[in-house]
Structures are given as structure tokens and as C-alpha cells.
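Listed here are the chains, written in short residue letters.
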Amino acid sequence: MRPLRAFGQAPRSSEDGTPPRALVVALVLACASLMLLDRGTESVVDPARQAVGTVVAPAQAGVAGAIRPVVELPGFFRSREQLRAELASLEAENAGLRTEVRTSGYKRNKLLELEGLTSTAESLGYALVPARVVGVGSSQSFTHTVTIDAGSAAGLAPDMTVLNNDGLVGRILRVTRTSATVLLLVDSDSTVGGRIGESMELGFLQGRGVTGGSARLDLELLDQKLVPAKGDTVVSWGSLDENGNAGGPYTAGVPIGQVVSVYASLRESTQRAVIDPFVDFTELDLVGVVVASGSRSDRAVIEADGSLR
Amino acid sequence: MRALFSTSAARVAVVSLAVVVALVLQTTVFPHLAWYGVVPDLVLLVVVAAGLVRGSQFAMVTGFSAGVLLDLAPPADHVAGRWALALLVVGYVAGRVRRDVLPSVGTALATVAACSFLGSSIFLLSGLLLQDTDATVPALLQVVVLAVVWDVVLAAFVVPPVTRALDRLEPESLLR
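Here the protein sequences come in this chain order: A and B. Residues in the first sequence are numbered from 1 upward in steps of one, following this note's numbering. Residues in the second sequence are numbered from 1001 upward in steps of one, following this note's numbering.
To be clear, the hints were calculated from the coordinates, so they are not data collected in a lab. Source: prediction; values computed, not measured. Be a bit skeptical, because a hint or two may be false.
Simulated restraints, written as ranges between beta carbons of each label pair [as the list claims (entries may be wrong)]: (1) V1014/B to G197/A: 50 to 58 Å; (2) S43/A to T1136/B: 20 to 28 Å; (3) V1149/B to P69/A: 26 to 34 Å; (4) V1105/B to V260/A: 23 to 31 Å; (5) I67/A to A1156/B: 47 to 55 Å; (6) R78/A to L1129/B: 25 to 33 Å.
Glycine included, each C-beta is placed from N, C-alpha and C at the ideal position.
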């Protein structure tokens, strides 16, 4: 092995030292023009992003797949111990729930009536395309985005809702054939319509640009007289796309988080609630993308009734 | 002449491979090891290594291309050209170091620290200027400091292999 000093022994010919001034100017101008071209929502750089994504995303998916067993190893050992305890408590809970279900026929019938009313008004029919997170943006860039291994071939399109077992994750920004970039809820550019589950009150949730244990969202309510209670659950209120399908950004009814504290801003005369999101954004892996029921995909789609297609 | 041409082609191939591998590791493996969400800038380390061995011109072009790739590859969602500009400057600075003194381990580490600080700062400040980020200055400073520490730690694993691979491909080493 050569000592580290060896890098100094490279030849010092005049051709590699100082770069010609023209090259410096050209490269700096190239950077500046890239920045100018990439401003605004419909950027001319997007095709280039797509091309790079098409090449890089499969490599990311490959590496993410290769390291997944290693990443999941601590969880495997932890879960072995916890599973026994959890199993016992879940069995007890299950038994309790079963009794409750048996006695709640009346309540269920009332609910069914209501549900029938809403479902005649519109068939929501969520179907989920499963995908895995293969690339994660760093905090250095102050944008919180991830790459998932499903793209337009799986029926995905920009603005679709991404969720996981715990709740709302974010929305799709752009897709290539085999991958998609997802803007996480906690990004400071992300705004979601939220509804307090207990009072059905509407508001807007804004990310703070922080992930990890201290990840929080700010909720500003439209009705400023209303004070949300600590522990209230917030769900998305969502929108439909132009065809009336559940394809618009953020479908309705997806759980987002819980109110942890409420601030009253006297100056702006608004109520601001702080929400602790249900999703752990540092440990994202398996996610689902909401697509219209019956849409074409290159993989199995989880239909609204829970069946695989 | 043919030998010269093939070494420069091989050099470009080695650096491109190093940049792509660094990019993929930076977005897949290191997020699992992230420290307050900050991951090491492996791509920046490759550019610094190129500068230490090959001088400013080579490192500037490497930095620009690697930066464009970093700006465009998913899941990046910032204004394209920000990393390109930051790594361009990093390449220039790292290449200049080599002309003044022979880089020892200490000099190499100091170069990595300075370049990491410079690169992260240019990237973040350009974001502020372009109104691409609404982070506050204390938050930016914290991220820059964490990134510098990460980069110095990781430099030991990234810079020597890349410099050695490039050093082997020097035209002069064929004559030695």
C-alpha cells in the first residue's frame, strides 16, 4: 500500500493546474442558467430529471433491496422478544373486540345507513398500489423527499396520495416509468387540508421541515373561535381529480396525526394547533399509493375490499 | 499517444463510476445511519479526491457533472444547478491546494473539512438566495457543522481509494 503522501507525486504539468478562464466562466454560467431554467412549477429541466431518474432509480432499488435484510436485522431480534408479549395482549384485545362487535349490531346498522347515503353520493373506491421506499433525501437539502420503486408503469401519476399502515405519508411530485418522487408531509412546502375527527372542523396542515422524533405539523383552523382539544385526531379532507376519482392530491379520511398542543396567536387572532404525525418519517419502508379502483398496474393492486388483484 | 488517450478515458470512467456509486450509497445506505437527518456528502468527497490528485481543471469539470447529477437524481427536489455550482467551487478549491503543498494526511483532511464547509454553505446559501428553502440560519449552521463532521469521518474511507485509483492512471506512472 502506498502512503497517503503519494497523491502529491502526481505530475505538475501546465495542462492540469489552473483551468482556463473560459472554462470557469462557461461552467458557472451553465450553473446559473440551470437555476434560471428550473424555476416555476412546469420546469424545462423535468425531462432531464426523468431521464436521470430512469437510470438511477433501478440502482437505488437494487441497493435498497440488498441492504434491507441488514437494516431489518435489529428489528428482527427486537420483535422476536416483543412478539410473544404482544401476541398475548393482542389476543386479549381481540377477544374484547369480538364481544363488542357482537353487541353492536344496532350501532352498525345505523352506521350502514349513513354509509349507504354517502356512498350513493360518491363511490370513493380507494385501491392501493404497494411500493417500497428506495431512496431518501438528506436533511442538507432541507427538502424532505423519498424515492419509491413504483412509477407510471404501476399506474402512478403526480399528485397521488401516499400512505402507510400508520397514516398519511405525502404526495407524489413526479414519476418516471419505474420510480416516483414523494414529497413528505413534514416538508415545509407541504400543505394538506386536515379535519379534526372529533369536531369535523376544517384547517390546513403545514410541515415544519423536521423529521425524526420531533417531527411536527402546524394546523391552522378555518374557524378561529374553535379550540381543538389535546389528543384529537386529524384526518385529511382531501380532493378529487378532474374526473371525480380519488386521484387528486390527498384523498379524504386518511389519518394524519394527533393534537399535542394548542397556541392562540393574539396578534393574528388565530388558533394554531401542533400535530404529532402518526407516521415515523425516518423509518419509511412499505407504502401504498392511492389509485382509482380498477386502474391498470404492473403489480398486484390492493382493492378497496381488501382483495389482491 | 494511444496510451495517453486510453489513460484519460480510463480516468473519466473511474471518476464517473465513483460518482455514481457515491450518489447511490448517499441516497440508499446512509439515510439509515443519518445523524439528525444529515448524511455524509460522498459525492463531494469524490470531487475533493479528484482535485487532490488531478488539479483544478479536472476537478471542476468532475464537480460540475457530479453536481448536475445530484441535482437531477431522485429524490432531489431543489432548484437544479445548486449542487452543480457548489461542487464546481469545491473542485476548484481542492485542485488549488495541491499546487501549493504536497498533501499529507493532515492537509487532505483539512481540505476535506474546508471543502465540505464551503460546498454545504454554497448549496444552502444559493437556496436562500433563490428562495428555494425557508430554513432559518441557525438550522442551516447546524446542518453545515454536522455535515463537515460526517465528511471528515467518511473521508478516510472515500478519499484514499479514489486518489489511489486515479494516481495509478497517471500517464507518468507508466514511465516510472
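Quiz prompt | Structure versus earlier hints - violations, ascending order | solution = Result: hints 4, 5, 6 break, sorted rising.
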